[in-house]
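Participant: Sequence:
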Amino acid sequence: MAHALLSLIQKAKNEDEEAILFLINKFSPKIMRSLQQTTYQEQEDLRQEIHLKIIEAVRKYDLEQIPDIWNFINPDDFSARTMSS
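Going by my numbering, the first residue of the sequence shown is number 1329, and it counts up by one from there.
In case anyone wonders, no lab produced these hints; they're calculated from the structure. Fair warning: there could be bad hints in the mix.
In silico DSBU-like links for lysine-lysine, alpha-carbon gap of 35 Å or less [what the hints assert, rightly or not]:
1) Lys1339 / Lys1354
2) Lys1358 / Lys1339
3) Lys1358 / Lys1388
4) Lys1339 / Lys1388
5) Lys1341 / Lys1354
6) Lys1388 / Lys1354
7) Lys1381 / Lys1358
8) Lys1341 / Lys1358
9) Lys1339 / Lys1381
10) Lys1381 / Lys1341
11) Lys1388 / Lys1341
12) Lys1354 / Lys1381
Each pair of labels, with its calculated beta carbon distance range [stated by the list, open to error]:
13) His1331 / Ile1383: 29 to 39 Å
14) Glu1343 / Glu1377: 30 to 40 Å
15) Tyr1368 / Gln1393: 18 to 28 Å
We put the beta carbon where it would ideally sit given N, CA and C, even for glycine.
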């Protein structure tokens, strides 16, 4: 699963529209559940904003700086290394 997700992210970073849409659709159920907490008038605008943020995050995602288990145990070390890059 993790390898498939990384492969999709790589494709999306290379402007593969199908990969981008797949990633957005993958998170759509969670997005829609969260949007139910907002007014109906705001839901469509927020949904579009979230989709844009997903696309932006994928494009900025650095596949070379993927955290491993030690980064979760010692998150301050990982943050310091990624911020200095």
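Participant: If a hint holds in the structure, say so; if it does not, say that too.
Facilitator: Quick rundown of the hints versus the structure:
| no. | hint | verdict |
| --- | --- | --- |
| 1 | Lys1339 / Lys1354 | 15 Å, holds |
| 2 | Lys1358 / Lys1339 | 23 Å, holds |
| 3 | Lys1358 / Lys1388 | 22 Å, holds |
| 4 | Lys1339 / Lys1388 | 13 Å, holds |
| 5 | Lys1341 / Lys1354 | 16 Å, holds |
| 6 | Lys1388 / Lys1354 | 19 Å, holds |
| 7 | Lys1381 / Lys1358 | 15 Å, holds |
| 8 | Lys1341 / Lys1358 | 22 Å, holds |
| 9 | Lys1339 / Lys1381 | 17 Å, holds |
| 10 | Lys1381 / Lys1341 | 14 Å, holds |
| 11 | Lys1388 / Lys1341 | 8 Å, holds |
| 12 | Lys1354 / Lys1381 | 14 Å, holds |
| 13 | His1331 / Ile1383: 29 to 39 Å | 22 Å, violated |
| 14 | Glu1343 / Glu1377: 30 to 40 Å | 21 Å, violated |
| 15 | Tyr1368 / Gln1393: 18 to 28 Å | 39 Å, violated |
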